[in-house]
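My request is simple: use the sequences and hints to build the entire structure.
These protein sequences, in sequence, are chains A and B. For the first sequence, numbering that gives the first Met the number 0 begins at 0 and goes up steadily by one. For the second sequence, numbering that gives the first Met the number 0 begins at 0 and goes up steadily by one.
Hints are computed from structural coordinates only; laboratory data are not their basis. Small disclaimer: the values here were computed from a predicted structure and weren't measured. Please note that a few of the clues may not be correct.
Unchecked claim - Just the calculated beta-carbon pair ranges, DEER-fashion:
(1) B:E119 to A:G159: 40 to 46 Å
(2) B:D121 to A:R142: 44 to 50 Å
(3) B:D55 to A:D190: 25 to 31 Å
(4) A:A141 to B:Q100: 52 to 58 Å
What the hints assert, rightly or not - Far from chain B, by Cβ distances over 12 Å, these chain A residues were calculated:
(5) S10
(6) P54
(7) G100
(8) T132
(9) P145
(10) V157
(11) P173
(12) R186
(13) P221
(14) D280
Glycine residues also receive a C-beta, built at the ideal position from the N, C-alpha and C atoms.
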Amino acid sequence: MKEIDYLAPSSLGEAYAALQNGKTSAFLAGGTDIIVQLREGRKEVDQLIDVKHIPELVSYAWTDDGGLVIGASVPFAEIYEDDEIVRRLPCVIDCATLVGGIQIQSRACFGGNIGNSGPAADTVPALIALGATLTLGSADGARDLPLEDFFTGPGQNVLGPGELIITVNIPPQPANSGSFFHRFIPRNEMDIAVVNVGARIDLDAGGERIEGARISVGAVAPVPLFVAAAGDALVGETPTEDSFARAADIAAEAATPITDMRGSIAQRVHLTRVLTYRALDRALERAREA
Amino acid sequence: MPRRTHIQTTLNGEEIDFLCEPRQSLLEVLRDELGLTGTKEGCNNGNCGACSVLMDGRVVNSCCVLGVEAEGAEVVTIEGVADGDTLHPLQQCFLEEAALQCGVCTPGFIVAAKALLDSEPDADEGRVRHWLAGNLCRCTGYDKIVRAVLKASEMEEVSA
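In structure tokens:
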């Protein structure tokens, strides 16, 4: 790794100042992507800004209305060891427990997985299904945006040069709602998704009809996809094999994958259909338990 | 001469300080600056777990941690696992079960398994295999390693 400066600001203000000191910067949270990228010369910056000493980024809290605000650099292990999150937002746990092995989960975080902006990022389809937003901060103030609007290409996003991800915000979920995250890899652990899918189903009070649905698919396009049409097609329907299969077809049509060492175009389109169906089915189970 | 930073940390229960460059990983600092070569470099990119150490009680890949991040932390390496000349039950069981061949992955496996048994002394086989998924071994086929960890979990010193 080439020589680099290390800064550990203890407030957002200090971090914004560091971002404006004329040097090129990268953020250091869990380090599981950036340290490797710098070492292998895939990225070059003058300074690393360690964001783990900024209180807003290393804490998480429930909001009064039942949402969950997660600091960008809270490690996954801290999230999935919280019994209340396990109980209330199992879809968050689905993805947090799948990223890398234990060593990675001890350090890696939602902000890093999102900021790294890989098309196969495992937390992203789960969070998009849950309707998550990001709070981005800079010296000019903060702005919120839907997670699905953050990505612009592989490794690319809308983050401005003086900007950082402060929190990931999961809104309160509807009363009869359930969500599930599903990933296909060729082995049981420790691989990058061939396809991954997050799905949410909102049922009406009687549990008979679908009031809303959100479906997101990863690793099948340059950015994680929010397939609004697939969810919209379920609104007003009853949750049946037919309605789920139609939504899965729409998700598969939205997929524009490439063939690479992990899978072919045909396999990824097929997997998108299968995983979407299964994720909806499991989301439905959770909605009925809710 | 590149600028070096002064870092204070607790290493294997002892308060120490060292100098390192910001670009040096904790793995490089342990091996090259502090002479603790028990922690191994495997892939050096976060995939193999050979460089596993405990940092504030959590198992991490020391190749994916910077030395400067150890400021104020508590780090435990394979050198801190035995109690003087008395092997930790995991070390003893790895020997008895022949859970190693070339040995490069072994310190990482033992450190990672220690983190598991410290928090979940009753971990079953499925849990052990899941927990150790981030540690790769190209020799043993894993069965002997899993047996050694399960055997250690049944010993009084660990499950007490």
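* **Supplied distance hint 40 to 46 Å, evaluated on CB atoms of E119 (chain B) and G159 (chain A)** => holds (43 Å)
* To do: Please confirm whether S10 (chain A) is truly not at the interface, meaning its C-beta sits more than 12 Å away from all C-beta atoms of chain B.
  => About 17 Å separates S10 (chain A) from the closest Cβ of chain B, which puts it past 12 Å; holds.
* Should the label of P54 (chain A) as a non-interface residue stand, given a Cβ cut-off of 12 Å to chain B? -> holds (16 Å)
* Verify that the Cβ of P145 (chain A) lies farther than 12 Å from every Cβ atom of chain B, and report whether the claim holds or is violated. => P145 (chain A) is indeed farther than 12 Å from all Cβ atoms of chain B, at 30 Å.
* Range hint 52 to 58 Å (beta carbons of A141 (chain A) and Q100 (chain B)) holds or violated -> At 54 Å between Cβs, range holds.
* Asked: Is the Cβ of T132 (chain A) farther than 12 Å from every Cβ of chain B?
  -> holds (29 Å)
* **Minimum Cβ-Cβ distance from P221 (chain A) to chain B exceeds 12 Å** => Per Cβ check, P221 (chain A) is outside 12 Å of chain B; nearest 24 Å; holds.
* Asked: At the C-beta level, are D121 (chain B) and R142 (chain A) separated by a distance inside 44 to 50 Å?
  -> holds (48 Å)
* To do: Could you let me know if the closest chain B CB is still more than 12 Å away from the CB of R186 (chain A)?
  => It is violated; R186 (chain A) is separated from chain B by about 9 Å at its closest Cβ, not greater than 12 Å.
* P173 (chain A) clear of chain B by more than 12 Å, beta carbon to beta carbon? -> holds (32 Å)
* Is the nearest CB of chain B more than 12 Å from the CB of V157 (chain A)? -> holds (27 Å)
* Against chain B, does G100 (chain A) keep a CB gap of more than 12 Å to every residue? -> violated (2 Å)
Checked against the numbered hints listed earlier, the structure breaks hints 7, 12; every other hint is satisfied.
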